[in-house]
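Given the coordinates of chain A, assemble chain B onto it according to the supplied hints.
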Amino acid sequence: MENPVFEKKIVLVTGGAGFIGSHLCESLLKDSRVICLDNFATSQESNIDTLLRHPDFEFIRHDINSPFDPEAFPELARFKVKFQGIQEIYHLACPTSPKRFEQHRMQTLYANSLGMKHALDLAVRYKSRFVHGSTSTVYGPRPTDNHAFREDEIGSQDTLSPRACYDEGKRFAETCCATYTQVHGVDARIARIFRTFGPRMPLFDGQMVPDFVTNALDGTDIEIFGDANFTTSLIFVTDVVDGLMKLMGAAENIGPVNIGSDIDMPLVEVANRIIEMTGSSSKIVFRDALLFMTQLGLPDLTKAKEKLGWLPLVTLDDGLKKAIDYTIANKTLLSGFRSFGQ
Amino acid sequence: MPASRPLFNKKNILVTGGAGFIGSHLCDALVKDNHVICLDNFSTSSVANVEHLLQNPNFEFINHDIVQPFDLNDYPELDRFKVKFQGIQEIYHLACPISKRHFEDFKIAMVLTNSIGMKNVLDVAVSNQAKILFASSSSLYGPRRADHPYVSESDPCVLDHLTPHGSYDEGKRFGESVLYTYQDVYHVDVKIARVFRTYGPRMKLFDGNLLPDMINNALDGKDIELSFPEDARIGLCYVSDIVDGLVRHMNSSIDVTVLNLGSDQEQYLSSVAGQIIKLTDSVSRVRFEPTTNVYGEAGLPDIGKARQVLGWLPLVRTEDGLRRMIEYARSHRQLTHSFGS
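Sequence order for the protein chains is A and B.
When we follow the numbering used here, the leftmost residue of the first sequence carries the number 1, and every step to the right adds one.
When we follow the numbering used here, the leftmost residue of the second sequence carries the number 1001, and every step to the right adds one.
So that you can see chain A by itself, here it is in the shape it has in the complex:
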């Protein structure tokens, strides 16, 4: 790091009001000043409500698809960005919404090109270390032989599909990281995040697990978008945050790293666990599959384990319990989203 670091490092989180982003901001605040950037495209102000009063936290409502100049915001003056710069950037901004995927196609394209450029330009300007929140979809759909994806698997995506703005867009975003590394020497690290769950996951948006919990508590039908063969791995959000921070903290850039759970689980079983844990009378029903909610492949975690000393720690049961507790605690607040989501 070339800039002198004052008492605390300054960290920028794009998409910081999102599901994963808000948990990351929370963890970072333990020893950093956090600039949280978001435009609430598919995220919620409520995710960062509790953080807004924190003296080391500053929220900027800004769309990263437009260039971002931190020095132009008077509210950031107290962080002395002009002198201290920005030491770390976590770039997580990208709309994700299985149910409203169609509405966000253009924004998704922009996030993976314009937004990516603007975030990387900041890393060039401040010589910041950079972690890009990529996705398991860069590998392509779940392989027929069900092998776990290693980071050196080339992967393949259809460039001409309704999902291409996301699937191919995320591949292109990784290429932007690699190109900025090659040309400008940016230390851009790539985290390929697999299916994640936990508190603050958007409700009634086709993400399933958070809806399972709400429906189980209400005693209403639990909807699976797909059939009984839909299996998935699920990683709890705090494990992802831990992985992202370990990747940022690693001594050197080790190339793309998988962050996910390698335990495959039928969704029906997940739903049944939730029904059991909540003592619910809900029934499971099957609905047509969603374009943006598909079976994803599984990660090979060898690299994350060996190079980062990271592995998922929260068991599915513990994670589900936390998700259930969160839903109960926020039931009144969350019920407002039901009408919003539908």
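Bear in mind the hints are in silico, worked out from the structure with no lab data behind them.
Be aware that a few hints might be false.
Stretch-level coverage of chain B by chain A, calculated; a stretch enters the list once three of its residues show a Cβ under 8 Å from a Cβ in chain A [stated by the list, open to error]: (1) 1115-1125; (2) 1160-1170; (3) 1180-1190.
We put the beta carbon where it would ideally sit given N, CA and C, even for glycine.
Leaving out everything else, chain B in the frame of chain A:
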């Protein structure tokens, strides 16, 4: 299909990258019956390629980098094409920096051209309700596979997007996805031509490209050194054939999207070199010095679909194409060489 705008006597056609190798030949063909707006910023192209068109009343040149947004209504020189009333009907989008020798210098430009540049051109297509044809590349199929040398449009595109070449390869792939998304969202009529190895006059002579290098060496009486195995074979398509394919593709029906354009006739590299030596009356010898070719040769195109849908196939015989290219090299290489490009 009824035209959404009244058609005037001539179509207005925008060609981005129109001063490039293929782009300038395309402008030559289109300018006969259309108004051609040639847009280029000369990042890897040359004004010499379109100099002869600058006096043509059907031709207008605009110096602009598509990474910056543009509005054709802002250019008074386009008033004579009545762009404000007639809009533009077709866009051939060929702009993308390409340089074998100076690849490193253009990586960021490639990434930006294929994303932000693509967006800016598509925004012009949307506001004009114009059809758009994108010159994509054979490179997005990934390297040639021994068990599967011919690639068709529906084959999976397997390539590593994190290599030093990713800015070009993955850039082109993302470019296609941007097009598809615009088609999906705005119902733009988009065409994607995946162009394979093309040669001909105006190909840059000193940029490390295979054929120009072979011709230069033959003309200089130097050995033709080939970093390929002796039995290497390539597909070669002459530029006028590609231009013909692009124009036919643009005029195909709305349901036609992706087509391969290139030659599916493999020839031994040694025989191509032999022809060049013969046509130049050279004393050069051919030497094969195989190296590990990191990026590999692209596959060969399966052009069955273009043949069927467009009634197109490459017609120019290699000997004729090489002869014209050699003529071009003879008359231009002293000139370009002395300018140090």
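Hints, one by one, checked against the model:
1. 1115-1125: holds (count 3)
2. 1160-1170: Coverage by chain A holds for the region 1160-1170 of chain B (8 residues, Cβ < 8 Å).
3. 1180-1190: That given contact holds, which follows from 4 residues of the region 1180-1190 of chain B lying within Cβ reach (below 8 Å) of chain A.
Violated hints: none; the structure is consistent with every hint.
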